[in-house]
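Using the hints, position chain E against chain S.
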Amino acid sequence: MLAESLKSVRTRWPGRIVGAAGGARLDRGCIFIVPSRVGAAFGVALLLMLLAAINYRNNLAYVLTFLLGAVFLVGVLHTYRNLAGLRLQAGAPAAVFAGEQARFPIRLDSDGRAHQALALGWSSGAPQLHDLPAGGAVTVELGLPAPRRGWLPTPRLRVESRFPLGLMVAWSWIAPEQRALVYPQPLPGDLPLSAGALEEAEEEGRRARGEGVDDYQGLRAYRPGDSKRRLDWKAYSRGRGLLVKDFAALEGSELCLDFSALAGDGESRLSLLCHWVLELSVRQRPFVLQLPGRRLGPDSGEAHREACLRALALYGEAP
Amino acid sequence: MTAAQSGAALQPIPRVGLTWLLIAQLLVILPHLGHLPAWIVGLWLGCAAWRVQIFRMRAPYPNGRIKAALMLGTGLGVYLSRGGPVGLEAGVVLLIAAFVLKLVEVRSRRDALVVIFLGFFALATACLFEDGILAALYYLLPLAALLAALIGLQQSALAANPWATLRLAGGLLLQAAPLMLLLFLFFPRFEPLWTLPGPRERGVTGLSDSMTPGDIAELGQSGELAFRVGFEGPLPERSRLYWRALTLEHFDGRRWSQASGAQQLEPPAWEKRGEPLAYSIVMQPSNQPWLYSLDVAGSAPDDARLMDDFRLQQRRPVTQPLLYRVVSWPDSLREPEGSASALRRALQLPERGNPQSRAWAAELRRRHPQSEALVQALLDHFNREPFHYTLKPPLLGRDSIDEFLFASRQGFCEHFSSAMTFVLRAAGIPARVVTGYQGGEFNPAGNYLLVHQFDAHAWVEYWQPQQGWSAVDPTFQVAPERIERGLQQALGEEQGFLEEAPLSLARYRDIGWFNRLRLSWDNLNYGWQRWVLGYQGEQQLQTLRNWFGSADLRLLGVAAVASVAAMWAVVALWLFKPWRREGDAQQRLFRRFERLLARHGLQREPGEGPRAFAERAARQLPAQAGAIWAFVVLFEAQRYAGREGAPGELARALRRLRRTLPWRADRG
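Here the protein sequences line up with chains S and E, keeping their order. 88 is the number that the numbering used here gives to position 88 of the first sequence; each next residue is one higher, with no gaps. 513 is the number that the numbering used here gives to position 513 of the second sequence; each next residue is one higher, with no gaps.
It is possible that some hints are incorrect.
[What the hints assert, rightly or not] Residues from chain E shown here face chain S by an in silico Cβ test under 8 Å; the list is partial:
(1) T125
(2) D131
(3) I133
(4) L134
(5) A136
(6) Y138
(7) L158
(8) L172
(9) Q175
(10) L183
(11) L193
(12) L235
(13) V532
(14) Y535
(15) V570
(16) F576
Think of the hints as simulated: they come from the structure by calculation, not from any bench. Glycine included, every Cβ here is placed at the ideal spot set by N, Cα and C.
The shape of chain S in the complex, shown without the other chains (with noise of 0.2 Å):
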């Protein structure tokens, strides 16, 4: 009973939550401490042991009593010292697809002291324990699911210490005021190319297809700036060195990805174009990706397609 009202208290009152976009300092104003289950348990165990000296009228007793209490008293400054004085600083996240997890880097900076086992989560969710040497400082990447496209903002972070006795927890709320942003789920899937596009496709008399293996050409050396998803890892691994799995540009051919001309509710026709973004890109061909309202490219490489990525997960959302 008293736990589980201990419990709602500890869930719903968040206090002060400190902002962490500039690096928060847990002070007096944030922290929060009450004492733990096992301090409740604690505390009877102390009644019991007062009790018997009083019945008994020993001394000793009390004794042992008062000092145990007086560690409990003790080790509430404890606790509160194992957060007071720390850092945290939100970093940003780097982007993921839908149904992956988000990383949030969160650095925690030591402000002399050494930081025992603390305990780090999102209001749910299992936490995560770290110690941070004094005076140093650590970099933890909490993962937290991205189940859908669009702006995934963060939950409350926790911070939370019951070191050293364990009779006494000291939280705080932080809001990291960072967000991490979702790409819609790449869905493989064939591509109804749009007007202009389609005729020159069908100049060359052939459909883009999800396999493209027409347009294999064959192993090159690695350059720098090569994407990573065309290493030839296998090649890799017989001892033959870095090489890149090539295809061949077509060259002139401009493919348009047009969400109008798909089929389908928009998700799964975001999902689609996100597969093609990914795909053409892999093949570094230029491509237009055609949104309502909003036209990319012709253009191809890297910075293109974060630019198609990004306007695919924040289609129809607000910037």
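Positioned in the frame of chain S, the structure of chain E alone reads:
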């Protein structure tokens, strides 16, 4: 959240935590060995070995059936060896058994916590059995080990280092010590909430409620401490130190015992006379309800009362060292009127036996019609005739008084007092035997008296109309040095003092340095008992009254809370050392500057210098740019350029900036 928490509770135990748990268990059980049956030790060794094998993956955890069998077997063992599940000993055996058994099935952190808390409680029960200085110092070891085990359950690099864990546990105990002292000082000592069975009698030597020839002589072989006395005034003469324990009024021809009617509740009539003596006594456990006092105890401790034979008695037996204060009036007039029932009891004699003594008593009565003259004649007789004071008197037959008075004439104090009381009663003078202690050893190291079991004594009281009860000691006539100097001197060279107790420290009183050491150590124990163990009830109130002028509960409550809070704050200061972290005043002012701007959405980036920060701030708050620059330039000048500034200058610059800023900017 919940999942995470229970996940943490069910995590396996780190190695260091388990190691400390095993050590703590050893340390907790050691002081209990004296009152644990041997099979518990076997059980414990077996369980510890099993636990270690489990940790080394050489043995499985016990399954449900084995656990049930172990618990059942243990319960049965406790029942068989302690005669049932009641009593402190049985409870402690059960507790230790649970403590031991639980260790085997410790899998998760939660189980380990149960073992640790059981350990704390087992330690508290150890205090009930043994609470001397050495024991108290020893208890710090298991306490530190238990705390180290608690820390060792944390998953951190520090908790993986056994010595760092122990050091932290020790540090916690040290920091807790001042708080503990305050709690100890102020916490009210309540009356026991309910009565619990105390530690069982452990062959405590001491006076019993009856006396047969040879009983007190046996005590004379014991060098154990009976009680310690500190006088508030000068120490009275040794010959006045007759410590009454109880009176024996019923004689069956061989044994003196307490009369059945002596338990009346009404206090006896007596009249204070002469100068009072105030003293406090720290009594060792006797497992008997009576307390020791000089005649007549005018003020009794709270739960004791003066019984109708002038003995002090409390409701419960003294099972722990007891501190009490008494004021006695040694020259009082006691029961000048006499009570019919008391006098009848004081004249009781068996129907038959000891004819020679009875005849002699009748003859004495004829010669001395006055009671006082008769008593004097009797004492003279002991003095004149060749009576011998000895610890090893010959055994006496059926008519013990006759044999002693007219044949053997060798005896210890109980022989003399018993014979004298018999003769007085036979002569029609109400009389009774008083047992207690006489004299004591003065400890110059602490200015108090040590009374040992070998100081046990028996003397005589007789009653006269108008004069009441008077004490008289026949032993004094035979061996005056026993009263004036003590048993060792009275026995002389030919009889070994404490020869049956070679380990008794009191036996080696003749070795000067050793004796000084013994007395100093005893003084330490006396202080411990008076000021630590005896800090209860009246003693506590008196101390607090001395310090605070009154023992008003509300005042004391406020003082307690305030002082504990203040001490806590001191510990906090010591732990956080804010003077070290905050740096100097300039740094503090700069922090305030930062906080001020933070309210307007300007956070200084880590690594951003004051100047760069000011530039950014000035861009964002153009209206306040002047004040911002003024502050930062002054700060840099004082901090980095080494320019001495008036201490208030920077603070004034900050105030100017604050005035120009609205309280909180709309972030829009």
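- Query: What hints, given by number in increasing order, does this structure fail?
  - Reply: 3, 4, 6, 12, 15
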